[in-house]
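Chains as they are written, first to last, in the working numbering: chain A, 6 to 314; chain B, 6 to 314; chain C, 6 to 314; chain D, 6 to 314.
Hints in this document: simulated from the structure, not taken from any laboratory.
Treat each hint with caution, since some may be false.
As the list claims (entries may be wrong) - Sample of chain B residues with no beta-carbon within 10 Å of chain A, all distances over it, derived:
#, residue
1, Ile56
2, Pro86
3, Arg98
4, Ser105
Unchecked claim - Simulated crosslink set (BS3-like; lysine-lysine; CA at most 27 Å straight-line):
#, chain 1, residue 1, chain 2, residue 2
5, B, Lys248, D, Lys244
6, B, Lys203, C, Lys248
7, A, Lys244, C, Lys248
8, D, Lys45, D, Lys135
9, A, Lys248, D, Lys203
10, A, Lys248, C, Lys248
11, C, Lys162, C, Lys31
12, B, Lys203, C, Lys244
13, A, Lys162, A, Lys138
14, C, Lys248, D, Lys248
15, B, Lys55, B, Lys135
16, B, Lys248, A, Lys203
17, B, Lys31, A, Lys203
18, A, Lys45, A, Lys135
19, D, Lys248, C, Lys203
20, D, Lys162, D, Lys150
21, D, Lys203, A, Lys244
22, C, Lys203, A, Lys248
23, D, Lys150, C, Lys203
24, A, Lys248, B, Lys135
25, A, Lys162, A, Lys95
26, A, Lys135, A, Lys162
27, A, Lys203, D, Lys248
28, B, Lys248, C, Lys203
29, D, Lys162, D, Lys45
30, C, Lys45, C, Lys135
31, A, Lys150, B, Lys203
32, C, Lys150, D, Lys203
33, C, Lys162, B, Lys244
34, D, Lys248, D, Lys135
35, A, Lys203, D, Lys135
36, B, Lys248, D, Lys248
37, C, Lys138, C, Lys31
38, D, Lys203, B, Lys244
39, C, Lys12, C, Lys95
40, C, Lys203, C, Lys45
The beta-carbon is built from N, C-alpha and C at its ideal position, and this holds for glycine as well.
Number of protein chains: 4
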Amino acid sequence: MGNDSVKIGWIGIGRMGFEMAARLAKSGTDVTVWNRTRTKAEPLAQYGAKIADHLTDLASCDIVFCVVSTWDDVREVVAGPAGLLSGGGKVPRVVVECSSISLEGSAELRGLLARRGIELLAAPVSGNAKVIKAGRLSFVCSGPKTAFDAALPYLGKIAPAVTYVGEGELARIVKICHNVFLGVVTQSLAEITVLAQKAGVPRHAFLDFMNRSVMGSTFSRYKTPAFVNLDFRVTFTPKLLRKDMDLGLDAARRYDVPMPLASITRDVVQTLIGRGMDDEDFAKLLVLQAEASGLALEAENVPVDDGLG
Amino acid sequence: MGNDSVKIGWIGIGRMGFEMAARLAKSGTDVTVWNRTRTKAEPLAQYGAKIADHLTDLASCDIVFCVVSTWDDVREVVAGPAGLLSGGGKVPRVVVECSSISLEGSAELRGLLARRGIELLAAPVSGNAKVIKAGRLSFVCSGPKTAFDAALPYLGKIAPAVTYVGEGELARIVKICHNVFLGVVTQSLAEITVLAQKAGVPRHAFLDFMNRSVMGSTFSRYKTPAFVNLDFRVTFTPKLLRKDMDLGLDAARRYDVPMPLASITRDVVQTLIGRGMDDEDFAKLLVLQAEASGLALEAENVPVDDGLG
Amino acid sequence: MGNDSVKIGWIGIGRMGFEMAARLAKSGTDVTVWNRTRTKAEPLAQYGAKIADHLTDLASCDIVFCVVSTWDDVREVVAGPAGLLSGGGKVPRVVVECSSISLEGSAELRGLLARRGIELLAAPVSGNAKVIKAGRLSFVCSGPKTAFDAALPYLGKIAPAVTYVGEGELARIVKICHNVFLGVVTQSLAEITVLAQKAGVPRHAFLDFMNRSVMGSTFSRYKTPAFVNLDFRVTFTPKLLRKDMDLGLDAARRYDVPMPLASITRDVVQTLIGRGMDDEDFAKLLVLQAEASGLALEAENVPVDDGLG
Amino acid sequence: MGNDSVKIGWIGIGRMGFEMAARLAKSGTDVTVWNRTRTKAEPLAQYGAKIADHLTDLASCDIVFCVVSTWDDVREVVAGPAGLLSGGGKVPRVVVECSSISLEGSAELRGLLARRGIELLAAPVSGNAKVIKAGRLSFVCSGPKTAFDAALPYLGKIAPAVTYVGEGELARIVKICHNVFLGVVTQSLAEITVLAQKAGVPRHAFLDFMNRSVMGSTFSRYKTPAFVNLDFRVTFTPKLLRKDMDLGLDAARRYDVPMPLASITRDVVQTLIGRGMDDEDFAKLLVLQAEASGLALEAENVPVDDGLG
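Same shape as in the complex, but just chain A (with noise of 0.2 Å):
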């Protein structure tokens, strides 16, 4: 397969899709956009991506990626009646599934696809939209290893980072992984941001501190706005963080591993969302550790660097 006539099929366009197919458009990679509200894909063509009309128009392209929400979504996307698979024709060699779904839901698509011949590389991403635009997503994969070098040149056009896990789903897992520590680090700088200023630090010296420190990390950084300035807008809900602690959990009892921070984390989350302070971002765990240090929160309106340029 050589890179020049590999052709790629892009399946979703969400705040997420859009700026990984960009990515991929303006590197120069033949590539061809369907998403269910087809003027949300147009922009694209700037980029000298081609638009779909059809799922099926997809089912010639070398490699198909999938960016959608659920897991409802994808098996609508690729199985369902007017899907990728519909037409009974040529299919892809390869799909490359980067929606945050079950590992239940990663093994019963790989199945599915096999049946038509079809590799499943399972590519979760760590990042949101903003991070993507500033280059610096990264990929985990599992699956077939010939899969993950099939798709590489193209993951590497999309993200600088792109790990190789192995076999099966256990990306998925690793995602989970990443996601359970995302909880108990935000939880931690929560304790440790409201103790400093208790104490007499403001929380922009304070994170300034930090992110510069050994510990600091893009995550710290791009959340610093929301600790800082109590902005709050949603990236990711508390009761999507519940969800993922969760799976993270059930996998530790499948696996017999203790996790304590893991555990107490999923409990104040819950706390959190008991509150009904799940109305907007998971941040918010500061506002519930201010509120249980006797602390009322303000906004210390100061410009804060997230980071992300």
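Since chain A is already given, all that's left is putting chains B, C and D on it; use the hints.
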């Protein structure tokens, strides 16, 4: 105070102190170094540093950095019978204290210096000797803003990141918060790394993804060799981590801040010590976690980058 | 239904079932007993019980108690090919189910019995064989109030304490809550017993006070021999406790209830299992706690009362 | 020392002290009582107690009980300018100290008394005023065995349960362990009571079962009115519980014992205080738990027994 004529004194050439002083000397700064064991300081002469025989030789410097081990050492080198202030004549304008001393020690030092008209800048750091060498150290500073402004040009020659967080000993509490976070992050990494491994993902592959994800940090990268290849040579002992967790929990009591993740992590570190696993680096939290999960760890013997070049 | 003429059937003569049926028979109740291994039931004849050869012999009873092990056993003895309902003729009015089965199993049994016009009383218990013998058992019941009223006189002959908590499978969730509490209480007792011992208080003296204090319970008293003399013969395995903790945490998820103490205790029990200490009673939580505290436990070899006479 | 001629002194007639002294006086013991506010002691005269005007009047007693509030009060009544020892003549053989004072205070008192040849029996209690009245108090004692033997007949007239745990201040650490357990048990009861209620079980029915189960205790029974009918009149404040949890955690640090359940409970109690819910009894942990679970509690207004008659 014109930069050209500013004279810097340096007390303490341990693993960290040497690298810090080396960076300062290489920058062309006029720096005079004293160390208990003179021979350890002598290699700095090649970078232009002068080597002092007596602490009193530094009394005529404008700014004196102090990087020793404990509060007892600090008191000895500053106010002991042969200490910095024992000569009775000219004294520095500012002392920059970078050791890991307590809030109480820091406050006592401040009072002691104030009586001689000297300003104290508390300036603990985030990083180890290798981080300094890689040019990635960060300072967090507190004390008089005038002292900070005077020291800033020299701090900046040692480390790319310098944050001023306010008056008094606030930098100490920030450093404690930093170390509490370090403990929580390490335990959470241990939990998810063991889960991923039991699910079938090699540790090096898992951590490669985490390190390159939005959650990755300089810290997670430089702890990767320990987690992958079970290299537990000491960088920070379990007992020192426990001490800092306890300082954090003490501060949390003082300021009425519940810190469940810090509390649980503290108990896990105590368990590591209670089980007799405190002879090596605190990264052995991974081993404790593996045992609790019925997993016998083996070194993967895969070359991994610590991210420090 | 006059008490005098009421006929009771009894299925299951395990360690618990035997003691329960014995109390009922001794009270002069007309009770017919079936057990897979007939010989284990025969000693009950001395108390006036009749021994049945076939489960169908119990179909003409008014109320049938079922005390077997698992949901599979329950289904077999009630609805299996040679089960209670296999005869096709008269059926009991009420089945009282005392085994530790899940909410789902209980609901399935209820439906299965309802189709034959039989009411189900879910009636799990608190206590072990020795507790029954000491006349200290307690029942928690749910199902139709009519079924409860019919069974109450006979429940009261087995146990001094009978609580009705409502319709359906509510008694199951109460039993799960009870066992979650049992896990938390045991872990907390392990923590404080080890602390007291390390401070210099013998375990038997410490527990003597606790047992006689306002915090003492029948449970804390009958676990005292295990804690003092390290007698860890199984009464309840770590894996069974983990199962009940997980059922509790699952219910907590369903009802949006954070349970930090249950979560942490669950992870400690998992650690006990992961460390391979699940061969004996769950009271080995004391050993795990001692190890975590750097303490080598020894039996005190002091005669202690288990409070059960 | 023949029982018939033994004279007992009593210092402190607060809520607890009054009930304790009343039991002693009613038993026919020769007891002389002093209280800062004399009128509060006078009702004891009806039971045969003598009322003293001055603390020095008790110096000629053989054994003096001390039941005041704080260590400052203890020091004042024993060694203050008008205290028990201020007369200079005869002194008691034994002081029995029942207040909730720290290990350090207890040790200081021991030294202070030893210098006058007086033995100290540390004798904190489990129970409140109503428990004493119901004849259900328990003592835990430490100090010289001779002092214990001398005091035992009188301790036994006050409380049915008396445990000797060893030399020195060991009884203090046992009392702290007891109170740590009380905190953990209350939080666990709050967790499962809210879970049971959300599943459909009224609190009074749930606690009726728990109280009568093997897990039930005098404590769980006398807290039931608070949990069922939301009667949160203070018996023990959140801040006092936090203090005792902290004393327990401090002891755990000293003796290298990790106590995860105690740590988490401590943080929950801190949250109760941080949320401003520390105006009433610590049983408001139930309210905090309900809020975290999205449940608005209402009093069930069901008459429930507190088990104390």
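Status of the hints after comparison with the structure:
At the 10 Å boundary, the C-beta of Ile56(B) stays outside the reach of chain A, the nearest C-beta of that chain being 30 Å off. For Pro86(B), the condition that its CB be more than 10 Å from all CB atoms of chain A holds, with the nearest at approximately 35 Å. Every Cβ of chain A is farther than 10 Å from the Cβ of Arg98(B); the closest lies at roughly 24 Å, confirming the non-interface assignment. Distance to chain A confirms Ser105(B) as a non-interface residue, since its nearest Cβ pair spans about 14 Å, more than 10 Å.
For a cut-off of 27 Å, the pair hint linking Lys248(B) to Lys244(D) stands: about 26 Å separates their Cα positions. Distance check on the hinted pair: Lys203(B) and Lys248(C) sit about 21 Å apart at the alpha-carbon level, within 27 Å; holds. Between the alpha carbons of Lys244(A) and Lys248(C) the distance comes to roughly 26 Å, so the proposed pair stays at or under 27 Å and holds. Restraint check for Lys45(D) and Lys135(D): the C-alpha separation of about 18 Å stays at or below 27 Å, so the hint holds.
Proximity of Lys248(A) to Lys203(D) is assessed by CA-CA distance (about 20 Å); at most 27 Å being required, the pair is judged to hold. Taken as a hint, the Lys248(A) and Lys248(C) pair is honoured in the structure, with Cα atoms around 21 Å apart against an allowance of 27 Å. Only pairs whose Cα atoms come within 27 Å are accepted, and Lys162(C) paired with Lys31(C) is accepted, the gap being roughly 9 Å. At roughly 19 Å between alpha-carbon atoms, Lys203(B) and Lys244(C) fall within 27 Å of each other, so this suggested pair holds.
Distance restraint check for Lys162(A) and Lys138(A): the Cα-Cα separation of roughly 12 Å lies within the 27 Å cut-off, and the hinted pair is therefore satisfied. At most 27 Å may separate the alpha-carbon atoms for a hinted pair to count; Lys248(C) and Lys248(D) exceed this at roughly 35 Å. Annotation: proposed proximity of Lys55(B) to Lys135(B) holds, straight-line Cα distance about 24 Å (limit 27 Å). For the hint linking Lys248(B) to Lys203(A), the alpha-carbon distance of about 21 Å falls within 27 Å, and the restraint holds.
With a CA separation close to 40 Å, the supplied pair Lys31(B) and Lys203(A) exceeds the 27 Å bound. Note on Lys45(A) and Lys135(A): the hinted pairing holds, with a Cα-Cα distance of about 18 Å set against a maximum of 27 Å. Only pairs whose Cα atoms come within 27 Å are accepted, and Lys248(D) paired with Lys203(C) is accepted, the gap being roughly 21 Å. Between the alpha carbons of Lys162(D) and Lys150(D) the distance comes to roughly 19 Å, so the proposed pair stays at or under 27 Å and holds.
For the given pair, Lys203(D) sits about 19 Å from Lys244(A) by alpha-carbon distance, which is consistent with the 27 Å threshold. Distance restraint check for Lys203(C) and Lys248(A): the Cα-Cα separation of roughly 42 Å exceeds the 27 Å cut-off, and the hinted pair is therefore not satisfied. In summary, the hint linking Lys150(D) to Lys203(C) is supported, as the alpha carbons are separated by about 21 Å, within the 27 Å threshold. For the given pair, Lys248(A) sits about 39 Å from Lys135(B) by alpha-carbon distance, which is inconsistent with the 27 Å threshold.
With a C-alpha separation of about 26 Å, the suggested pairing of Lys162(A) with Lys95(A) holds against the 27 Å cut-off. Restraint check: the Cα-Cα separation between Lys135(A) and Lys162(A) comes to about 16 Å, which is no more than 27 Å; the hinted pair holds. In summary, the hint linking Lys203(A) to Lys248(D) is supported, as the alpha carbons are separated by about 20 Å, within the 27 Å threshold. Using a Cα cut-off of 27 Å, the hinted pair Lys248(B) and Lys203(C) holds, with the two alpha carbons roughly 20 Å apart.
Distance restraint check for Lys162(D) and Lys45(D): the Cα-Cα separation of roughly 22 Å lies within the 27 Å cut-off, and the hinted pair is therefore satisfied. For the hint linking Lys45(C) to Lys135(C), the alpha-carbon distance of about 18 Å falls within 27 Å, and the restraint holds. At most 27 Å may separate the alpha-carbon atoms for a hinted pair to count; Lys150(A) and Lys203(B) meet this at roughly 21 Å. Only pairs whose Cα atoms come within 27 Å are accepted, and Lys150(C) paired with Lys203(D) is accepted, the gap being roughly 21 Å.
A distance of roughly 58 Å separates the Cα atoms of Lys162(C) and Lys244(B); the hinted pair therefore is violated under the 27 Å criterion. Pair hint Lys248(D) plus Lys135(D) holds up; C-alpha atoms about 23 Å apart against a cutoff of 27 Å. For the given pair, Lys203(A) sits about 41 Å from Lys135(D) by alpha-carbon distance, which is inconsistent with the 27 Å threshold. Taking the CA atoms of Lys248(B) and Lys248(D), the gap is about 21 Å. The hint holds against a cut of 27 Å.
Among the hinted pairs, Lys138(C) with Lys31(C) is consistent with the structure: their alpha-carbon atoms are about 12 Å apart, no more than 27 Å. The hinted pair formed by Lys203(D) and Lys244(B) fails the criterion: a straight-line CA distance of about 44 Å is larger than 27 Å. Between Lys12(C) and Lys95(C), the direct Cα distance comes to roughly 13 Å. Compliance with the 27 Å bound is thereby established for this hinted pair. With a C-alpha separation of about 46 Å, the suggested pair Lys203(C) and Lys45(C) falls outside the 27 Å cut-off, and the hint is violated.
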